[in-house]
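> Letter by letter, the chains look like this.
Number of protein chains: 2
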Amino acid sequence: MKSIGAKTIVYPTPVFIVGTYDEKGVPNGMAVAWGGICCSDPPCIAVSLREATYTYGNIRKRKAFTVSVPSEKYVKEADYFGIVSGRTVNKFEATGLTPVRSELVDAPYVGEFPLVLECSLIKTVEIGLHTQFIGKIEDVKADEDIVGEGGMPDIEKAAPLLFAPDSCDYWKTGAFAAKAFSIGKKIEGT
Amino acid sequence: MKSIGAKTIVYPTPVFIVGTYDEKGVPNGMAVAWGGICCSDPPCIAVSLREATYTYGNIRKRKAFTVSVPSEKYVKEADYFGIVSGRTVNKFEATGLTPVRSELVDAPYVGEFPLVLECSLIKTVEIGLHTQFIGKIEDVKADEDIVGEGGMPDIEKAAPLLFAPDSCDYWKTGAFAAKAFSIGKKIEGT
Numbered sequence: 042m043k044s045i046g047a048k049t050i051v052y053p054t055p056v057f058i059v060g061t062y063d064e065k066g067v068p069n070g071m072a073v074a075w076g077g078i079c080c081s082d083p084p085c086i087a088v089s090l091r092e093a094t095y096t097y098g099n100i101r102k103r104k105a106f107t108v109s110v111p112s113e114k115y116v117k118e119a120d121y122f123g124i125v126s127g128r129t130v131n132k133f134e135a136t137g138l139t140p141v142r143s144e145l146v147d148a149p150y151v152g153e154f155p156l157v158l159e160c161s162l163i164k165t166v167e168i169g170l171h172t173q174f175i176g177k178i179e180d181v182k183a184d185e186d187i188v189g190e191g192g193m194p195d196i197e198k199a200a201p202l203l204f205a206p207d208s209c210d211y212w213k214t215g216a217f218a219a220k221a222f223s224i225g226k227k228i229e230g231t
Numbered sequence: 042m043k044s045i046g047a048k049t050i051v052y053p054t055p056v057f058i059v060g061t062y063d064e065k066g067v068p069n070g071m072a073v074a075w076g077g078i079c080c081s082d083p084p085c086i087a088v089s090l091r092e093a094t095y096t097y098g099n100i101r102k103r104k105a106f107t108v109s110v111p112s113e114k115y116v117k118e119a120d121y122f123g124i125v126s127g128r129t130v131n132k133f134e135a136t137g138l139t140p141v142r143s144e145l146v147d148a149p150y151v152g153e154f155p156l157v158l159e160c161s162l163i164k165t166v167e168i169g170l171h172t173q174f175i176g177k178i179e180d181v182k183a184d185e186d187i188v189g190e191g192g193m194p195d196i197e198k199a200a201p202l203l204f205a206p207d208s209c210d211y212w213k214t215g216a217f218a219a220k221a222f223s224i225g226k227k228i229e230g231t
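Chains as they are written, first to last, in my numbering: chain A, 42 to 231; chain B, 42 to 231.
The set of hints was computed from the structure by calculation and includes no laboratory data. Among the clues, some could well be false.
As the list makes no split between identical chains, a pair holds if one copy fits it or if it spans any two.
[What the hints assert, rightly or not] Taking lysine-lysine pairs in the DSBU-like style, the calculated list, with each CA pair at most 30 Å apart, reads:
hint: 1; residue 1: LYS102; residue 2: LYS220
hint: 2; residue 1: LYS43; residue 2: LYS114
hint: 3; residue 1: LYS213; residue 2: LYS117
hint: 4; residue 1: LYS164; residue 2: LYS177
hint: 5; residue 1: LYS177; residue 2: LYS226
hint: 6; residue 1: LYS177; residue 2: LYS198
hint: 7; residue 1: LYS198; residue 2: LYS164
Given the sequences, and given the hints that come with them, work out the whole structure.
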């Protein structure tokens with residue numbers, strides 16, 4: 042094994058667009074790769090942000106955020122959400138994407154993206170350069186087009202992106218590999 | 042948009058094998074999908090565990106863990122790490138995988154997996170059913186076979202798995218989509 046150093050490299054990291062309102066009620070979105078589900082009950086998701094970001098202040102004030110998951114066809118828009126700041130531009134207007142006001146939390150989500158989580162802030166964890174915001178997932182919403190049999194979202198139809206932190210590029214979701222809590226039973230001792 | 046309810050569904054979630062030693066020094070590994078990078082400086086990764094797990098007690102006592110990222114060819118072994126408990130079986134022996142003692146932290150990693158993070162516990166966050174352990178990444182190690190030009194790991198060669206929480210299945214990493222901090226510049230206003 043080759044030592045790479047103390048770096049933030051792991052696979053996969055997600056591509057989340059974190060939606061917030063600023064103090065004037067202007068909707069903003071920011072691309073976040075540092076985050077993930079962090080508790081099953083209550084259902085919670087964590088996103089980490091630098092204090093310097095516009096979204097950081099918005100979450101502090103509004104105590105709410107959304108996570109919108111772009112499908113691969115929105116890779117350009119998702120990247121744009123990570124390049125510019127909501128301080129200087131309305132990113133929804135620039136991309137032509139629709140900020141939909143959540144009926145559950147004080148934040149907007151991206152209407153065109155296939156999967157959305159509406160979150161209320163329940164915990165703030167200071168770590169270092171990044172502050173981690175833990176949001177209770179009040180509801181998950183899925184585009185009708187990605188809802189499969191059984192009424193649940195289908196990852197293949199959602200076509201989410203992955204982010205590779207070292208090379209700084211986006212990758213697509215690939216093929217089905219195996220059923221969880223199942224294929225491992227082929228190993229003796231289960 | 043269809044309401045799915047307050048559930049832990051987002052794409053992608055990772056497949057991390059969290060490596061620890063128990064109080065007797067027996068190596069253990071556990072599959073974790075609730076986690077991700079949570080800070081750039083210091084470089085940190087978070088993993089969330091239920092108190093009922095064997096790994097939970099191990100991290101509490103040893104103040105260290107590793108994250109080993111399986112490539113797709115190890116999907117069976119990765120799943121096994123999520124099915125059985127280290128209380129009743131030595132999962133490394135059962136799978137035939139090699140527990141490598143970290144020289145930096147008091148925890149073992151999976152010798153055959155292409156990417157490994159060695160972490161020292163710096164913060165414990167009680168959330169609910171899950172407790173989040175935040176580890177400072179002391180080093181990242183990559184199999185020589187996945188190290189590309191420039192000495193950095195290559196996600197395509199690592200071939201990491203994704204976990205879909207609702208359908209409970211594993212998916213492969215797909216094709217390159219786009220360069221980050223680049224393709225978004227095609228939108229006016231950057």
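> Within a copy, between copies, both or neither: which one fits LYS164 and LYS177 at a CA-CA cutoff of 30 Å?
Both. Shortest intra-copy (9 Å) and inter-copy (20 Å) distances satisfy the 30 Å Cα cut-off.
> Give the relationship of LYS177 and LYS198 under a CA distance limit of 30 Å: within one copy only, between copies only, both, or neither.
The answer is within: 25 Å in one copy meets 30 Å, while 36 Å across copies does not.
> At most 30 Å between alpha carbons: which applies to LYS213 and LYS117, within, between, both or neither?
both (13 Å within a copy, 22 Å between copies)
> When no copy is named, should LYS198 and LYS164 be tagged within, between, both, or neither for a Cα gap of at most 30 Å?
neither (32 Å within a copy, 37 Å between copies)
> Cα distance capped at 30 Å. Does LYS177 pair with LYS226 within a copy, between copies, both, or neither?
neither (33 Å within a copy, 33 Å between copies)
> If the cutoff is 30 Å on CA atoms, where do LYS102 and LYS220 land: within, between, both or neither? Let me know, please.
neither (42 Å within a copy, 33 Å between copies)
> How do LYS43 and LYS114 come out at 30 Å by Cα distance, when the copy is not named: within, between, both, or neither?
For LYS43 and LYS114, the Cα distance is within 30 Å only across copies (21 Å; inside one copy 35 Å).
Violated hints, in rising order: 1, 5 and 7; the structure is consistent with all others.
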